[in-house]
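Use these hints to put chain B onto chain A, whose structure you have.
2 protein chains.
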Amino acid sequence: MAEYTSLPLILAAEQFAKLPGIGMKTAQKLAYHVLTMPPAEVEMFAETLITARQTVRYCRVCQNFTESESCLICASSAEGKRQSELICVVEAPKDVSAIERAGGFEGVYHVLHGLMSPMDGIGPEQIRIKELMTRLSGDVAEVIMATNPTIEGEATASYISRLIKPMGIKVSRLAYGLPVGASLEFADDVTLVRAMENRNEI
Amino acid sequence: MAEYTSLPLILAAEQFAKLPGIGMKTAQKLAYHVLTMPPAEVEMFAETLITARQTVRYCRVCQNFTESESCLICASSAEGKRQSELICVVEAPKDVSAIERAGGFEGVYHVLHGLMSPMDGIGPEQIRIKELMTRLSGDVAEVIMATNPTIEGEATASYISRLIKPMGIKVSRLAYGLPVGASLEFADDVTLVRAMENRNEI
Numbered sequence: 023m024a025e026y027t028s029l030p031l032i033l034a035a036e037q038f039a040k041l042p043g044i045g046m047k048t049a050q051k052l053a054y055h056v057l058t059m060p061p062a063e064v065e066m067f068a069e070t071l072i073t074a075r076q077t078v079r080y081c082r083v084c085q086n087f088t089e090s091e092s093c094l095i096c097a098s099s100a101e102g103k104r105q106s107e108l109i110c111v112v113e114a115p116k117d118v119s120a121i122e123r124a125g126g127f128e129g130v131y132h133v134l135h136g137l138m139s140p141m142d143g144i145g146p147e148q149i150r151i152k153e154l155m156t157r158l159s160g161d162v163a164e165v166i167m168a169t170n171p172t173i174e175g176e177a178t179a180s181y182i183s184r185l186i187k188p189m190g191i192k193v194s195r196l197a198y199g200l201p202v203g204a205s206l207e208f209a210d211d212v213t214l215v216r217a218m219e220n221r222n223e224i
Numbered sequence: 023m024a025e026y027t028s029l030p031l032i033l034a035a036e037q038f039a040k041l042p043g044i045g046m047k048t049a050q051k052l053a054y055h056v057l058t059m060p061p062a063e064v065e066m067f068a069e070t071l072i073t074a075r076q077t078v079r080y081c082r083v084c085q086n087f088t089e090s091e092s093c094l095i096c097a098s099s100a101e102g103k104r105q106s107e108l109i110c111v112v113e114a115p116k117d118v119s120a121i122e123r124a125g126g127f128e129g130v131y132h133v134l135h136g137l138m139s140p141m142d143g144i145g146p147e148q149i150r151i152k153e154l155m156t157r158l159s160g161d162v163a164e165v166i167m168a169t170n171p172t173i174e175g176e177a178t179a180s181y182i183s184r185l186i187k188p189m190g191i192k193v194s195r196l197a198y199g200l201p202v203g204a205s206l207e208f209a210d211d212v213t214l215v216r217a218m219e220n221r222n223e224i
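Residue numbers (my numbering), protein chains in the order written: chain A, 23 to 224; chain B, 23 to 224.
It is possible that part of the hints are untrue.
A pair counts as met if it fits within one copy or between any two copies, since identical chains are not told apart.
Here are the computed lysine-lysine pairs in the BS3-like style, where the Cα-Cα straight-line distance is at most 30 Å [stated by the list, open to error]:
#1 K192 with K103
#2 K152 with K51
#3 K51 with K116
#4 K116 with K187
Derived by calculation from the structure, the hints in this document are not laboratory data. Bear in mind that the values here come from a model prediction, so they are computed numbers and not experimental data.
If we strip away everything but chain A, and leave its shape as in the complex, we get (with noise of 0.2 Å):
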């Protein structure tokens, strides 16, 4: 006896089902869900995405999403409230928000979109290197690499530093070391041996 699954319950299942992260018993789970709210929040949610993905544009400056030009950032920027000469790159637009969030960075992003990963066919064309590089103007004073303490996040770092340096522009790396609050009795051996190679004087 074949499965027995109504058609609309497999046609949602299968587009949560390309999403990432969403397994099919994941999808099958939030279509059912979708198949009873009400129609009208469905169309509220649908549309949402139609309208976020048809408004959402790349900052033409940091590339990090905007529905404007440029981001707020940037044209904070622009009017000489943040230090345009100090440039962190990131991978991802959740990153700038990380930081942000964090305060203390008077300076200005570079949103990759992706890390360079080789197994997975994204070489520096496929990620906003050569945005990054037509922005570093003599004004430029220091690029922070910003990329997750990652193997992609590294490479794609090192790599950039590569391309940076013979240019005269400073660039540098976020520390290593302990995450504030942690037992060193909980850290990992890389960790920690990072941490004592970038001790400080007190």
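Here is chain B on its own, set in the frame of chain A:
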């Protein structure tokens, strides 16, 4: 400094976060993905959900999801290809799929679309028990309670069986016991006790 996230990303993430089991972190990841999808694919995703919600109906007999008046299973039963005198009561459409996939059941279904759960304010009126009762004519020989073996599943099964038994219709419950292929060692105590109680002569 206030957290900075672009508006389209926030709006899309808020919609995803309304879905069950999707937290804010996952919602942001999904929203980010949607904003980088080709616009045509976003429209397809959105329109599939709207269409699915608009076309889905509840089978007027068994309450399962369908796109026509009655579902394929109830239609087969009307043509005499399935035993309409045997009704299997389940919580959700996915349970119908599971039993059909397993094969061997030749009767029809009744989908409750939920289980009674007083803690969550879900009483007998909130699930499709009334619709089940209207199906119970003299032709029905047996009602099989196939709700999940959870507290809510048990409570719902016993509530419904108390309604049906006075009508002189046989009510049964799926057997408890060891899952096939399982190891005694790892079976939980309640399952072991039930498996012992329900032992069969060989």
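Consistency of the hints with the structure:
For the homomeric pair K192 and K103, the shortest alpha-carbon distance inside one copy (22 Å) is at most 30 Å, but the shortest distance between copies (78 Å) is not. In this homomeric assembly, K152 and K51 come within 30 Å of each other (Cα to Cα) only across copies, at 25 Å, whereas the closest approach inside a single copy is 42 Å. Proximity of K51 and K116 under a CA criterion of 30 Å is satisfied in both settings, with 27 Å inside one chain copy and 9 Å between copies. Proximity of K116 to K187 under the C-alpha cut-off of 30 Å is restricted to the intra-copy arrangement: shortest distance 27 Å within a copy versus 58 Å between copies.
Violated hints for the displayed structure: none, as all numbered hints are satisfied.
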